[in-house]
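Trainee: So the chains spell out like this:
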Amino acid sequence: MADVAAPSSIRTRRLPAWLKLPVLVGIAIIVFWIVASLSIDLWPIYDPIDMVGRRLQPPSADHWFGTDALGRDVLSRTLHGARFSLMMSCAVIICAVLIGSAIGAIAGYVGGIVDGALMRLVDITLSFPPILLAMAVTAAMGPGLQNAALAMIIVWWPVYARLMRGQVLSIRSREHVEAATAAGASHARTLIKHILPLSWSPILINATMDFGQVVLLTASLSFIGLGASPPTPEWGSMISEGAIHFYQWWICSGPGVAILSVVLGFNFLGDGLRDLLDPRSK
Amino acid sequence: MTRYIVRRLLSLPLLLLGIVSIAFLISHFTQGDPLSSIVSERQMDDEQAVAAAKARWGLDKSLPEQYLVYVGNLLTGDLGISFRTKQPVSQDLLERLPATLELVIAAMLFGSLTGIALGVVAARFRDRAADHAARLWALTGSSTPVFWSGLILLYIFSVKLGWVPGPGRLDARMSPPDGITGFLTIDALLAGDTALFWDAVHHLILPALVLGWTVMGIVSRLVRASMLDVLNQDYIVAARARGAGELRVLLNHALRNALVPTLTIIGFTFAYLITGAVLTEAIFSWTGIGSYAVDAARGLDYPAIMGVTIVGGAAFLLTNLMTDIAYAFADPRIRLS
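Chains H and Z, in that order, give the protein sequences. First residue of the first sequence: 1, per our numbering; consecutive thereafter. First residue of the second sequence: 1, per our numbering; consecutive thereafter.
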């Protein structure tokens, strides 16, 4: 396409149409949190685990977000919490996308009994309200961040299996796929070389939107007490500590605003990606 | 149409069986020993209790037999005994169901009505400031963790302003009305106790707002998209040409048709409502199924957790089925194909 693009003299200087203000805000928020989670050890802030001030102090010049019941700095803990939340959500989304897409692609490509059986499994898993299934699995396997992550992969893979199956079904009947099959391409080659490259965009849009939801569910599980355990600066468990010290509203507000901003950011970005990648949204 | 409904109804038992099977699987993964998911730790030394539990759930039999016993127990409504309440889980759930329903229905009413209003405004003023504001407000609602917004709103409106009471369903000095429906508001009205009624309503307002705000976003999104579709139709132009007032066109002509596709919101929002209810109830000490599930998870009360999960899954399945059937009835394009 590059060689048929307009000559640079009449190319407009404006941003592309999909890059609207909310999308830019979303990208800014996400970049901030990624940078924070990667470089937090270098920041000139208090230690997240040590007692660095008097207990339960409201926000002040020394402690912008106040201190919690153990005299720890809420701002520092909130920023450190990003690492857990983002890494966890990243791992969950990547695993769910890989497992789900593989199963969905096989179901859609093979069809028949395999398709029927796999899709029933998808239907059944999707018929649990996410939080209840995640709670049951985490509680059964024992509370902890790792098991919570596993539970969330179990909750999320069917979404991508269903999505990928639909994509594969619609693409496999196209002419270029038939041509590849006629030319003697193996099933694996047809699937990987000719079908999958065309089917990633809805997966990407969905994964972006879901990222925020995974952050939210991770925090919810920790809030309930099934995820991170106390000294860990994790957003959900920080809010649950804040619930005990209810009159010190600032303890739960740092992590609360952090979760809100991450979820909003990924929603904004997901909307932008949909405008960019999905022709139907025009 | 009939074939569609019959096919959906026939798949229901299969899906229910699937839910039960997954629940069985999960309870067998319980830290290696399914016994620990049935008998509480304190009773583990009690040989009689262990033997009784083994016999009742067939744990001394082979795995396929265990599965049959498990399904059989569930079919007779036996979800096991809660470790904490020492009551049958099914009884616990029944006792707590009305509280959850009261909260969810109030939240659904608030969320749907405000969501529809926001959706109409957003569609009417498409791409203008009102549209952006409505969408941002709705999106913020579904992005805010309820376990934080609940705490903050409780702090502002209960502690600082004193407009609403603290957590709980009733003032500690009041005793609940005789349970007919289990809905405190309705029971208080039936008993003719207005003071009690207002107290129950006051306690209901804040949790319903917090929970309703989470579904407002989904509802307004769907209504907006559907209104935009409808507003481009010829009959809207015709109505305008006949000189119908703007409000009449919007509400009478457009919204009535735009609401048909949004019937599916009931299904869509159910998952959000369940998630939200679990956490909202925990914050507001609301003695419903949600706070029961949280207490169960915190105390590793396995029979209770599995019970809530199975019942929640079944309820979710039924809601989706009813939504799809209602949708098929409402939209002739589906009915006829």
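The hints are simulated quantities; they were obtained by calculation from the structure and are not laboratory data. Don't take every hint at face value.
Said to hold, decoys possible - Okay, the calculated beta carbon distance ranges per label pair:
hint, chain 1, residue 1, chain 2, residue 2, range
1, Z, H132, H, A179, 45 to 53 Å
2, H, L38, Z, Q233, 49 to 57 Å
3, H, P16, Z, R126, 15 to 23 Å
4, Z, E65, H, A102, 28 to 36 Å
5, H, P58, Z, R298, 24 to 32 Å
6, H, W64, Z, R256, 45 to 53 Å
7, Z, S62, H, R55, 39 to 47 Å
8, Z, N257, H, S229, 35 to 43 Å
9, Z, L251, H, R174, 22 to 30 Å
For glycine and all other residues, C-beta sits at the position ideal for the given N, C-alpha and C.
Trainee: Quick check on a hinted range of 15 to 23 Å for H/P16 and Z/R126, using CB atoms only.
Mentor: holds, 21 Å
Trainee: Starting from the range 35 to 43 Å, see whether the pair Z/N257 and H/S229 falls in it by beta-carbon distance.
Mentor: violated, 53 Å
Trainee: I want to verify a distance hint. Is the separation of the beta carbons of H/L38 and Z/Q233 within 49 to 57 Å?
Mentor: Given range 49 to 57 Å: holds, Cβ gap about 51 Å.
Trainee: Taking the beta carbons of Z/L251 and H/R174, is their distance inside 22 to 30 Å?
Mentor: Check failed, 45 Å falls outside 22 to 30 Å.
Trainee: With respect to the beta-carbon atoms only, verify the hint that H/P58 and Z/R298 lie 24 to 32 Å apart.
Mentor: holds, 29 Å
Trainee: Just to be sure I understand the hint, the distance between the Cβ atoms of Z/E65 and H/A102 should be within 28 to 36 Å; is that true here?
Mentor: Distance hint for Z/E65, H/A102 holds at roughly 34 Å.
Trainee: Cβ-Cβ distance between Z/H132 and H/A179: within 45 to 53 Å?
Mentor: At roughly 47 Å between Cβ atoms, H/A179 and Z/H132 fall inside 45 to 53 Å, so the hint holds.
Trainee: The hint says 39 to 47 Å between Z/S62 and H/R55; measuring C-beta to C-beta, is that right?
Mentor: violated, 57 Å
Trainee: With respect to the beta-carbon atoms only, verify the hint that H/W64 and Z/R256 lie 45 to 53 Å apart.
Mentor: For Z/R256 against H/W64, whose Cβ atoms are near 51 Å apart, the range 45 to 53 Å holds.
In terms of the numbered hints stated before, the structure departs from hints 7, 8 and 9, listed from lowest to highest.
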